[in-house]
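K.L.:
In case it helps, mature numbering (1 follows the signal peptide of the UniProt record, and there is no 0) puts the sequence shown at residues -25 to -1, 1 to 671.
By construction, these hints were calculated from the structure, which means they are not laboratory data.
Take the hints with a grain of salt, since some may be wrong.
[Unchecked claim] DSBU-like cross-link-like pairs, simulated, lysine-lysine; straight-line CA separation at most 30 Å:
1) Lys496 to Lys260
2) Lys405 to Lys313
3) Lys496 to Lys181
4) Lys181 to Lys646
5) Lys668 to Lys40
6) Lys483 to Lys496
7) Lys596 to Lys517
8) Lys278 to Lys205
9) Lys40 to Lys418
10) Lys670 to Lys40
11) Lys670 to Lys496
12) Lys260 to Lys181
13) Lys405 to Lys130
14) Lys278 to Lys433
15) Lys313 to Lys164
16) Lys496 to Lys433
17) Lys181 to Lys418
18) Lys670 to Lys164
19) Lys549 to Lys496
20) Lys596 to Lys40
21) Lys646 to Lys517
22) Lys181 to Lys205
23) Lys521 to Lys418
24) Lys517 to Lys483
25) Lys405 to Lys40
26) Lys646 to Lys596
27) Lys646 to Lys205
28) Lys433 to Lys313
29) Lys205 to Lys313
30) Lys405 to Lys483
31) Lys205 to Lys164
32) Lys521 to Lys260
33) Lys181 to Lys40
34) Lys260 to Lys130
35) Lys181 to Lys549
36) Lys260 to Lys205
37) Lys483 to Lys549
38) Lys130 to Lys668
39) Lys483 to Lys278
40) Lys40 to Lys260
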Amino acid sequence: MTGRNLRTAFLASAALAILPGAALAQDAESDEIIITAQQRAEPLRNVPIQVTAFTAQAVEDAGIKSTSDIIAQVPNITYDRGDTYRSNFITMRGLTQINNADPPIAFVLDGVPQTNQKQLGVTLFDIERIEVLKGPQGALYGRNAVGGAINVVTKAPGNELEGFVNLGYANGDTIDVSAGVSGALVEDKVLLRVSGSYTSSDGLVKNDFRGDHVDYIDHDYSLRGRMILKPTDLLTFDLRAEYSDFRGGSNSYAAVFSGIPRDFVNPQFNFPAYAEGDSVDLTGKFDYDFGFATLTGISAWAKFQQNNRADLDFRNPVDSPGGIFGLGFQAGQGQNAKLETFSQELRLVSASDQDFRWLVGLYYLNTDRALVTRGFIDIDGSDQFDNTALLIANNNETNDNNAYAAFAQVDYDLTPTLTLTGGIRYDEDKREQTNVVTGAVRKTSFDRVQPKVTLTWKPEDGRLVYATYSTGFRSGGFNAPNVTVPVFDAETLDNFEVGFKTQWFDRKLTLNGAAYLTNVKNYQYFYVDAATASQIIDTIDKVQIKGFEIEAMAKLAPGLDASFGVGTTDSEIKRSLFPSDVGNHSPRTVPLSINSSIQYRGDLSETVAGFVRIEHQHIGKKYWDADNASVQNPYDLLNARMGVEFGNYGLYAFARNIFNEKYYSEFFQPKYSGLDVAIGYRGTPRTYGVEAKVKF
């Protein structure tokens, strides 16, 4: 980015930040936000971690309905859409997601960690609170929280009978519906909440060869039930069940023959691409109050399955009759994935109203994963995966994983203004892979002690300064049985961070910031081997990442708020198997990101209120691969929402990516795609529509 472009992006966001708007983490009706980021309820302003929090009202105001919508509001985090229908790639402070491996962040839904990347791209509805924690959170969240954590809390049932219905329609014939009802079956004893969502769309990204749209959604729906049981004043049970089913466009890559990530082309493949699947989640939680401490137990079982069919060479027989590698055939791919998990957590958390606070816990996770991947060539030109398709690659594997952890954290107020926090966690991950074709079995294990130490100084209410040393651990694992890199190592890191949180002018201005330095060993990345239809995970020996974050939220007047955030990520490959990569940025690095919003809600009459919100997101240069040969130019996204509200009713209009910026949400050169051509996954074009909301 040129100095002029950087100044333009910064000034544009700064201009938004000083205009009317709503601070994302601030409920307009409350001056205090309570979060549970450290497994106990405490004010956001007193937590010595960089946290961006969204209340239920803020979620509604920002129109947050997916994980990508969360990340669009937070600096130093990017969300890339790619691969299959439910897949996504989150990069937080330079630590990035890779296919078929553990995520770099802990995504926790109602206290349950989601262990697979396809569980992160879910529809968000009926949400009470979202907390985004930046920096390694291994001491409390354990394995795979190397970049940070996202904690999502759904709405719990209450005594009052209440409900909602949200209806949305957007271009691409997109329909979005959510609804719910809540109340007491037995007052104060048995409370029930039932909610659901449904989405369908014809899509917006055109396939230039087939004439249809690759990002269509045939259906994607979820149904959730949550019951609270209170047999005594000291004991509470929280039971949750959710089912979802989906079918939609998948692997929507375009062949970019120029190899330039600034050359934006539509997909042109010939095979019909789709993914279909379903998931079931069951959770049981109890809390028992002993007075001096609360004992919490969380048991969770989940099952996810997805069948995926797609093109493999991402070209068509008319424009590219030679097909993949000029062999004269078009190629396709198929993947069947099944995942079943069971987890159990027990933790004992002391009361908060004392100088010495502590918590201890145990955690267990069992994961069974089955993965079948195949490559085909189309013999008869039918563009179908039928009996005439010739199998050219076949991987069939099962993976069994048992993870164990023990953790503890203590907070001690050395003085009324000085607090020392110490945390430690031990994780052990035992993995076993079976080659279903040959019967061969491979076993290995990874373990790590993850300490954390924080010193916090609070000179006065609403202001603190902290210094932290923290660690992170992302488990290693097995690649497909027939590849040249059989095992990839665990990723570990050490993080050094100093930060501050301040509030000014009677809490009308909140200003938070941090600077960090992270040293990573065995940085995980992946590439594709087309000959074996395998996605291969490997590691970069050493990567150093440093940067800073600044976030500001201002209440300028009643109903008039603003937010602004900027983050930098300067990553450098220090040691690698490929000497030419040394000194480069690590994959998917975005050195600069800026987010801002403005919002106003005010009375238009005695019965009608008006609402206006504008958001701006600047994504700087993106270095897609370790060789830094592919660099995407910076781009800016502008979103807007406006509407009228009268009592429990609301009517809104919205637009995202108003100027229809073109960008790729994933891009691979042949060196990493395994093909003989670069491929890109088009970002979401301009979307616009209307919404109606009813509460009762």
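K.L.:
Decide, hint by hint, whether the structure agrees.
P.N.:
Hint check:
1. Lys496 to Lys260: violated, 36 Å
2. Lys405 to Lys313: Roughly 19 Å between the alpha carbons, so the hint for Lys405 and Lys313 holds.
3. Lys496 to Lys181: violated, 41 Å
4. Lys181 to Lys646: The hint holds at about 27 Å.
5. Lys668 to Lys40: holds, 14 Å
6. Lys483 to Lys496: Cα-Cα ~42 Å, so violated.
7. Lys596 to Lys517: holds, 22 Å
8. Lys278 to Lys205: The given pair, whose Cα atoms are some 28 Å apart, holds under the 30 Å limit.
9. Lys40 to Lys418: violated, 40 Å
10. Lys670 to Lys40: holds, 18 Å
11. Lys670 to Lys496: Violated - the C-alpha atoms of Lys496 and Lys670 are around 51 Å apart, more than 30 Å.
12. Lys260 to Lys181: violated, 45 Å
13. Lys405 to Lys130: violated, 35 Å
14. Lys278 to Lys433: Roughly 45 Å separates the two Cα atoms, so the pair is violated.
15. Lys313 to Lys164: violated, 38 Å
16. Lys496 to Lys433: Not OK: Lys496 and Lys433 at ~34 Å, beyond 30 Å, violated.
17. Lys181 to Lys418: Violated, because 45 Å separates the two Cα atoms, which is more than 30 Å.
18. Lys670 to Lys164: Given that 30 Å is the threshold and the Cα spacing comes to 24 Å, the pair holds.
19. Lys549 to Lys496: holds, 10 Å
20. Lys596 to Lys40: holds, 26 Å
21. Lys646 to Lys517: With a Cα-Cα distance of about 21 Å, the restraint between Lys646 and Lys517 holds, given a limit of 30 Å.
22. Lys181 to Lys205: Violated - the C-alpha atoms of Lys205 and Lys181 are around 53 Å apart, more than 30 Å.
23. Lys521 to Lys418: Violated, because 36 Å separates the two Cα atoms, which is more than 30 Å.
24. Lys517 to Lys483: violated, 43 Å
25. Lys405 to Lys40: violated, 35 Å
26. Lys646 to Lys596: The given pair, whose Cα atoms are some 20 Å apart, holds under the 30 Å limit.
27. Lys646 to Lys205: violated, 58 Å
28. Lys433 to Lys313: Violated. Lys433 to Lys313 sits at ~49 Å, over the 30 Å cutoff.
29. Lys205 to Lys313: violated, 36 Å
30. Lys405 to Lys483: violated, 50 Å
31. Lys205 to Lys164: holds, 5 Å
32. Lys521 to Lys260: violated, 39 Å
33. Lys181 to Lys40: The given pair, whose Cα atoms are some 24 Å apart, holds under the 30 Å limit.
34. Lys260 to Lys130: Since the Cα atoms of Lys260 and Lys130 sit roughly 15 Å apart, the hinted pair holds (cutoff 30 Å).
35. Lys181 to Lys549: violated, 41 Å
36. Lys260 to Lys205: holds, 12 Å
37. Lys483 to Lys549: With a Cα-Cα distance of about 43 Å, the restraint between Lys483 and Lys549 is violated, given a limit of 30 Å.
38. Lys130 to Lys668: Roughly 17 Å separates the two Cα atoms, so the pair holds.
39. Lys483 to Lys278: violated, 45 Å
40. Lys40 to Lys260: Holds, because 25 Å separates the two Cα atoms, which is no more than 30 Å.
In this structure, the earlier hints numbered 1, 3, 6, 9, 11, 12, 13, 14, 15, 16, 17, 22, 23, 24, 25, 27, 28, 29, 30, 32, 35, 37 and 39 are contradicted, and the remaining ones agree with it.
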